[in-house]
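Chains as they are written, first to last, in my numbering: chain A, 1 to 249; chain B, 250 to 551.
Just so you know, the hints here were simulated from the structure itself, not pulled from any lab data.
None of these values were measured; they are calculated from a predicted model.
Do not rely on the hints blindly, as some may be mistaken.
Stated by the list, open to error - One-sided and incomplete, this derived list gives chain B residues near chain A with beta-carbon spacing under 10 Å:
hint	residue
1	Pro255
2	Leu265
3	Gln502
The C-beta atom is built at its ideal place from N, Cα and C for all residues, glycine as well.
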Amino acid sequence: MMRMIAFLLLFAAPLAAQEEIVLGLSQDAVAITADFDGSEILVFGAIRRESPMPDGQLGIIVTVAGPDTPIVVRRKARRLGIWVNVDDVKIDAAPSFYAVATSGPLSKVLRPSEDLHNRITIPQVVREVGTNVLDSRSFARALMRMRERDNLYQTLEGQVDLSRDTLFETHIAMPANLTEGFYVTRIFLTRDGNVVDTYVTTIPVKKVGMERWLYNLAHEQALLYGLLSLAIAISAGWLASAAFGLLRR
Amino acid sequence: MQIYLPIAEISVNLFLLLGLGGIVGILSGMFGVGGGFLLTPLLFFIGIPPAVAVATGATQIVASSVSGLLAHLKRRTVDLRMGTVLLIGGLIGAGLGILIFNYLRAMGQVDLLVTIFYVVFLGIIGTLMFFESLRAIRKSGRIPTRRKHNWIHNLPFKIKFRVSGLYISVIPPVMVGVFVGILSAIMGVGGGFIMVPAMIYLLGMPTKVVIGTSLFQIIFVTAFTTLLHATTNYTVDIVLAVFLLIGGVIGAQFGTRIGLKLKAEQLRILLALLVLAVCFKLGLDLLLQPAEVYSIAKGIAK
Numbered sequence: 001m002m003r004m005i006a007f008l009l010l011f012a013a014p015l016a017a018q019e020e021i022v023l024g025l026s027q028d029a030v031a032i033t034a035d036f037d038g039s040e041i042l043v044f045g046a047i048r049r050e051s052p053m054p055d056g057q058l059g060i061i062v063t064v065a066g067p068d069t070p071i072v073v074r075r076k077a078r079r080l081g082i083w084v085n086v087d088d089v090k091i092d093a094a095p096s097f098y099a100v101a102t103s104g105p106l107s108k109v110l111r112p113s114e115d116l117h118n119r120i121t122i123p124q125v126v127r128e129v130g131t132n133v134l135d136s137r138s139f140a141r142a143l144m145r146m147r148e149r150d151n152l153y154q155t156l157e158g159q160v161d162l163s164r165d166t167l168f169e170t171h172i173a174m175p176a177n178l179t180e181g182f183y184v185t186r187i188f189l190t191r192d193g194n195v196v197d198t199y200v201t202t203i204p205v206k207k208v209g210m211e212r213w214l215y216n217l218a219h220e221q222a223l224l225y226g227l228l229s230l231a232i233a234i235s236a237g238w239l240a241s242a243a244f245g246l247l248r249r
Numbered sequence: 250m251q252i253y254l255p256i257a258e259i260s261v262n263l264f265l266l267l268g269l270g271g272i273v274g275i276l277s278g279m280f281g282v283g284g285g286f287l288l289t290p291l292l293f294f295i296g297i298p299p300a301v302a303v304a305t306g307a308t309q310i311v312a313s314s315v316s317g318l319l320a321h322l323k324r325r326t327v328d329l330r331m332g333t334v335l336l337i338g339g340l341i342g343a344g345l346g347i348l349i350f351n352y353l354r355a356m357g358q359v360d361l362l363v364t365i366f367y368v369v370f371l372g373i374i375g376t377l378m379f380f381e382s383l384r385a386i387r388k389s390g391r392i393p394t395r396r397k398h399n400w401i402h403n404l405p406f407k408i409k410f411r412v413s414g415l416y417i418s419v420i421p422p423v424m425v426g427v428f429v430g431i432l433s434a435i436m437g438v439g440g441g442f443i444m445v446p447a448m449i450y451l452l453g454m455p456t457k458v459v460i461g462t463s464l465f466q467i468i469f470v471t472a473f474t475t476l477l478h479a480t481t482n483y484t485v486d487i488v489l490a491v492f493l494l495i496g497g498v499i500g501a502q503f504g505t506r507i508g509l510k511l512k513a514e515q516l517r518i519l520l521a522l523l524v525l526a527v528c529f530k531l532g533l534d535l536l537l538q539p540a541e542v543y544s545i546a547k548g549i550a551k
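Model the full structure from these sequences, guided by the hints.
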């Protein structure tokens, strides 16, 4: 089946050669520092054409995906009068961050079949597995709802500015609670909802400086980190009260 | 101003943390309690993951107890032998507590466990304290008598505790220590609010050595708890602990002064009401339907 889809795509290929994406990013890395309060990435680029512009509605879709982390979604229910986690569903393919920005309404710039194949919209990206719960899809929906509320999942329809059918740009705002890793940025060029060119690049998001050092130490040298924490805490407590004692005098 | 917490992996307002530490510091200065039982639930309320809140709460208690213990050591109001016996129990209890904590964490029930522990213990202590201080206000001046002889004196393995002037079995203090150790690991508290009454009424220790001796036990048990959480769960956030601490130490100085202006019974009633309020809020969260019945957890299901 996959092979057949690939074969069909090859046939559709002649269209693709006519238009190409050339891309730029406002920053090629995101650094999480002590005062990190989110970041905004400007994705901009141009469409290069060797021949006159083909017909059909032109569309640009930009997606930014954070690293996949295995997660568990739990649901509470009332047991013996109190609310307790009862069911859980493991979701093994859910990006920690996902934004999809388009140059027009999704229904105009992307066909459902292309969405299914390229996994562009959020429902296509989040998939649940390994479940003994009947309504597992509602867990995936709950995950999407919660992450949308935290701005971790964003659907930005019509937020890609496309000027003179050639230049495009969009801003993607990333919240403060980002997971470290490589953020895969994909740009799709569509004609009448069919993908004619794609461009993929990655943006590393990393804790730097003190934060990086502490995090690594806590996970790799846990005992040392624990002892260090105690030492810091004890001396900070002692210093602060000593300083206050001096001030009072 | 936002500050990124490297272990909790969230950004929190710096002044919120300092303020929170300050409030808990004022209360602990006023009432002479560690404040862990207030700090940990407050951390839940501002969105710190419970596992991080419990582990970091323990770290913060170590730090805020050190200066108190030093003062008591200077005044020689610490029964080191009793403290050591309590400590041995405490270390065993902390180990048990961490096992329970980690088991339930893997099952996704750790929030429930922590909340239930808080509701039960805050409820019992708050109610007892409330009625006790009401009674004290009515017939003020009556000091609770410590019982000299009870069933505790019939147990084997007796040891002489010279500073406390006691000759009793080591079994009750070890049991008290174990119990407090479990609470320390699960609730992220020092456990003074359980240990102090137990030392006075159950073991019959003189009041003047109770606080110093309990601080001695608390420091080592919470330090051990911190290490256990750090090595098994990686949930100790030192950045969070330091900011809470700075607020806490400053708050405690003001709290001590406010405390001097109020009467002991009034203070106890206020503390009882505060404990009951936190208990009520946590209990309500268990009973009412939550706004969101779903929750996300990192990691693998059982």
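Right, here's what the structure says about each hint:
no., hint, in the structure
1, Pro255, "4 Å, holds"
2, Leu265, "14 Å, violated"
3, Gln502, "5 Å, holds"
Comparing the model with each earlier hint shows a violation of hint 2 alone; every other hint is respected.
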